[in-house]
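A.B. asks: Listed here are the chains, written in short residue letters.
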Amino acid sequence: MITLTHFLVVSACIFCIGLYTVIAKRNAIMILVGIELMINAAILNLVAFGKYDKLNYSGQIFALFAIVLAAASVAVGLAIILNVYRHYKTINPDNITDLRD
Amino acid sequence: MNLELFLFYAFAALAIGSSLLVVSLKNPARALFLFFITLFAMAGLFLFALADFVAITQIMVYVGGVLILMIFAFMLSNKELLADIQHISGSFLSLPSWQSILLALGFFAVFILGIREWNNDMPEWMLSNIQEGMVITPHDNNIQQLGIKFMTQYVLPFEVISIFLLMALIGAAHLSRKEESQ
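Just so you know, the sequences run in chain order G and U.
Residue 1 is where the first sequence starts when you use the working numbering, and the numbers rise one by one after that.
Residue 1 is where the second sequence starts when you use the working numbering, and the numbers rise one by one after that.
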């Protein structure tokens, strides 16, 4: 029998790996991958709790909304990364130091 | 140990192991391709929570859209990619920085403590739903119910999110267009 705790522990692991990626990586695209891992852990939590709500199906519906939000954020983030690369010739966030042109 | 539990553990090990490998590989192109496996394993885990439509959407949106987009951006932005692949010598894994490992492990400890504490008393709505039998079972027709809910109860968030997606895509196309050289 798979209980709720199984899902919670797995999603905690995935979330912490994503957090580590966001902090430690020196590549903006890998940081986006880390954000995606964290969003996926949150979606797993939503779905696991949504199993207990047959009346509203709120868990699964908001999991779908979260997937759409993640896709939109990736599209905008990659466009920004491409612009930053065109301007600075690097995508290491440590080297991008000024906000103005 | 029954088959269901074994498959759940297999998918969980696949997801956690491949995401660990994603963060520890030195070559970002390899890590991006390995991210496919993580997303597939997460879709498998969604199936065990009886969310079949969410699992299919995960595969279609993430694997078919997001990851392809990331690989495109990586190929477009990294001029040293080819040199990188040729120059990879003995070190296969990148060295982690201990501060971020410490922070991630601290977060993990907080989560595990929270889960342990939480397990003693479930929230009110979950207990009442379990007692009344309002729990999703494998025999339910999930997709039909989801479609009805989307068009009746959640129609306002649905419309808002579609407008939001349109705005985000137009914004991304506007941001990434070629600048006019003056």
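There could be a bad hint or two in this list.
[As the list claims (entries may be wrong)] These stretches of chain G come out as covered by chain U in the derived footprint (C-beta under 8 Å, 3 or more residues):
1) 8-20
2) 28-41
3) 55-65
4) 72-83
[What the hints assert, rightly or not] Straight-line alpha carbon distances no greater than 25 Å define the calculated SDA-like cross-link-like pairs of lysine to any residue that follow:
5) U/K178 with G/A71
6) U/K26 with U/I16
7) U/K26 with U/F72
8) G/K54 with U/F72
9) U/K178 with G/I96
10) U/K178 with G/Y88
11) U/K149 with G/Y88
12) G/K54 with U/K178
13) U/K149 with U/K178
14) U/K26 with G/K54
15) G/K89 with U/F33
16) G/K89 with U/R30
17) G/K89 with G/L99
18) G/K54 with U/F33
Hint data in this document are derived by calculation from the structure and do not stem from the laboratory.
C-beta: ideal position from N, C-alpha, C; glycine also.
A.B. asks: If a hint holds in the structure, say so; if it doesn't, say that too.
C.D. replies: Here is how each hint holds up against the structure:
1. 8-20: holds (count 12)
2. 28-41: With 8 residues in contact (Cβ-Cβ under 8 Å with chain U), the coverage given for the segment 28-41 of chain G holds.
3. 55-65: holds (count 9)
4. 72-83: With 11 residues closer than 8 Å to chain U, the segment 72-83 of chain G meets the three-residue bar; holds.
5. U/K178 with G/A71: Since the Cα atoms of U/K178 and G/A71 sit roughly 22 Å apart, the hinted pair holds (cutoff 25 Å).
6. U/K26 with U/I16: Distance ~18 Å between U/K26 and U/I16 Cα, so the pair holds.
7. U/K26 with U/F72: Judged against 25 Å, a Cα distance of about 19 Å means the pair holds.
8. G/K54 with U/F72: violated (40 Å)
9. U/K178 with G/I96: Answer holds: U/K178 to G/I96 is near 21 Å, not above 25 Å.
10. U/K178 with G/Y88: Within the cut-off at roughly 16 Å; holds.
11. U/K149 with G/Y88: Not OK: U/K149 and G/Y88 at ~47 Å, beyond 25 Å, violated.
12. G/K54 with U/K178: At roughly 49 Å apart (the allowed maximum being 25 Å), U/K178 and G/K54 break the hint.
13. U/K149 with U/K178: violated (42 Å)
14. U/K26 with G/K54: Violated - the C-alpha atoms of G/K54 and U/K26 are around 44 Å apart, more than 25 Å.
15. G/K89 with U/F33: Within the cut-off at roughly 24 Å; holds.
16. G/K89 with U/R30: holds (22 Å)
17. G/K89 with G/L99: Between G/K89 and G/L99 the Cα gap is close to 15 Å, so the pair holds against 25 Å.
18. G/K54 with U/F33: Distance ~36 Å between G/K54 and U/F33 Cα, so the pair is violated.
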